[in-house]
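J.: Sequence:
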Amino acid sequence: MTVIDTSIEIDRSPAEVRAIVLDFERMHEWHTSFLKVMQPLPKGTKTPEQLVAGDDMYLKFLMVGTNVKIVENSEKALTWEGGPALLFHGIHSLQFIPLDDGKRTLFKNGETFTGVFGQGAGLPGIKSNVSNLYDGYNKDLKKRAEQALGEAGVQA
1 MTVIDTSIEI DRSPAEVRAI VLDFERMHEW HTSFLKVMQP LPKGTKTPEQ
51 LVAGDDMYLK FLMVGTNVKI VENSEKALTW EGGPALLFHG IHSLQFIPLD
101 DGKRTLFKNG ETFTGVFGQG AGLPGIKSNV SNLYDGYNKD LKKRAEQALG
151 EAGVQA
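Residues in the sequence shown are numbered consecutively from 1, following the numbering used here.
Hints may contain errors.
Unchecked claim - Simulated pairs of lysine-lysine, BS3-like, Cα-Cα distance not exceeding 27 Å:
#1 Lys46 with Lys36
#2 Lys60 with Lys108
#3 Lys76 with Lys127
#4 Lys127 with Lys43
#5 Lys36 with Lys76
#6 Lys127 with Lys142
#7 Lys36 with Lys60
#8 Lys139 with Lys36
#9 Lys127 with Lys60
#10 Lys139 with Lys60
#11 Lys60 with Lys142
#12 Lys46 with Lys69
#13 Lys43 with Lys60
#14 Lys103 with Lys43
#15 Lys127 with Lys143
#16 Lys108 with Lys139
#17 Lys103 with Lys76
#18 Lys143 with Lys103
#19 Lys46 with Lys108
#20 Lys108 with Lys69
#21 Lys69 with Lys142
#22 Lys103 with Lys127
#23 Lys69 with Lys139
#24 Lys108 with Lys127
#25 Lys103 with Lys69
#26 Lys76 with Lys108
#27 Lys46 with Lys76
#28 Lys60 with Lys103
These aren't lab readings, by the way, just hints derived from the structure by calculation.
Start from the sequences and build out the full structure, keeping to the hints where you can.
T.: Encoded structure:
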């Protein structure tokens, strides 16, 4: 098993950060590096907010597209899993943890890889590359959320 955990503090409430994450249609406006598409399946049947455990979602990251299953979609987390269990299975979670009485957010972005090839995700070069990709998403999200804060004229 290989675990990758990244996090960043964001000067917005968990609900506001989650709303940005779940706005799949506008993700391309603020994040363009590795995660390209997040889309409920079948297309057009549900909004991201309506996804529940067991629902399907399509992800495209870098040049790879895959279908995943939602594990959790709550105020606290958006979690999905995918891949063949014995070969290369991942459980990915985006967590929205309240800080300062809910005025700020600790955003956690991580994945647990299992299976024969999942161990390879733990190799030093690969693990650091994946961590850097997740950190990039985190920084883009922070910038988007706090930029929106500034545009709203609200003080942190």
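J.: Work down the list of hints and note, for each, if the structure agrees.
T.: Tested hints:
Distance restraint check for Lys46 and Lys36: the Cα-Cα separation of roughly 19 Å lies within the 27 Å cut-off, and the hinted pair is therefore satisfied. Under the criterion of a C-alpha separation no larger than 27 Å, the hint pairing Lys60 with Lys108 is consistent with the structure, at around 20 Å. Only pairs whose Cα atoms come within 27 Å are accepted, and Lys76 paired with Lys127 is accepted, the gap being roughly 25 Å. Of the pairs offered as hints, the one joining Lys127 and Lys43 is violated, with about 32 Å between alpha carbons and a cut-off of 27 Å exceeded.
Simply put, Lys36 and Lys76 have alpha-carbon atoms about 23 Å apart, close enough for the 27 Å limit, and the pair holds. Restraint check for Lys127 and Lys142: satisfied, since their Cα atoms lie roughly 22 Å apart, inside the 27 Å limit. Our distance criterion of 27 Å between C-alpha atoms is met by Lys36 and Lys60, whose separation comes to about 5 Å. With a C-alpha separation of about 16 Å, the suggested pairing of Lys139 with Lys36 holds against the 27 Å cut-off.
Note on Lys127 and Lys60: the hinted pairing holds, with a Cα-Cα distance of about 19 Å set against a maximum of 27 Å. At most 27 Å may separate the alpha-carbon atoms for a hinted pair to count; Lys139 and Lys60 meet this at roughly 19 Å. For a cut-off of 27 Å, the pair hint linking Lys60 to Lys142 stands: about 21 Å separates their Cα positions. A distance of roughly 14 Å separates the Cα atoms of Lys46 and Lys69; the hinted pair therefore holds under the 27 Å criterion.
As the CA atoms of Lys43 and Lys60 are separated by approximately 14 Å, the hinted pair is consistent with the 27 Å bound. For the given pair, Lys103 sits about 34 Å from Lys43 by alpha-carbon distance, which is inconsistent with the 27 Å threshold. For the given pair, Lys127 sits about 24 Å from Lys143 by alpha-carbon distance, which is consistent with the 27 Å threshold. For the hint linking Lys108 to Lys139, the alpha-carbon distance of about 12 Å falls within 27 Å, and the restraint holds.
With a C-alpha separation of about 14 Å, the suggested pairing of Lys103 with Lys76 holds against the 27 Å cut-off. Straight-line distance between C-alpha atoms of Lys143 and Lys103 comes to about 16 Å, which keeps the hinted pair within the 27 Å bound. Of the pairs offered as hints, the one joining Lys46 and Lys108 holds, with about 25 Å between alpha carbons and a cut-off of 27 Å not exceeded. At roughly 19 Å between alpha-carbon atoms, Lys108 and Lys69 fall within 27 Å of each other, so this suggested pair holds.
Between Lys69 and Lys142 the alpha-carbon distance is near 26 Å, which keeps this suggested pair within the 27 Å criterion. At roughly 32 Å between alpha-carbon atoms, Lys103 and Lys127 are farther apart than 27 Å, so this suggested pair is violated. For a cut-off of 27 Å, the pair hint linking Lys69 to Lys139 stands: about 26 Å separates their Cα positions. A C-alpha spacing of about 16 Å is found between Lys108 and Lys127, which places the hinted pair at or below 27 Å, so the restraint holds.
Distance restraint check for Lys103 and Lys69: the Cα-Cα separation of roughly 31 Å exceeds the 27 Å cut-off, and the hinted pair is therefore not satisfied. Between Lys76 and Lys108 the alpha-carbon distance is near 10 Å, which keeps this suggested pair within the 27 Å criterion. Taking the CA atoms of Lys46 and Lys76, the gap is about 20 Å. The hint holds against a cut of 27 Å. Among the hinted pairs, Lys60 with Lys103 is inconsistent with the structure: their alpha-carbon atoms are about 32 Å apart, more than 27 Å.
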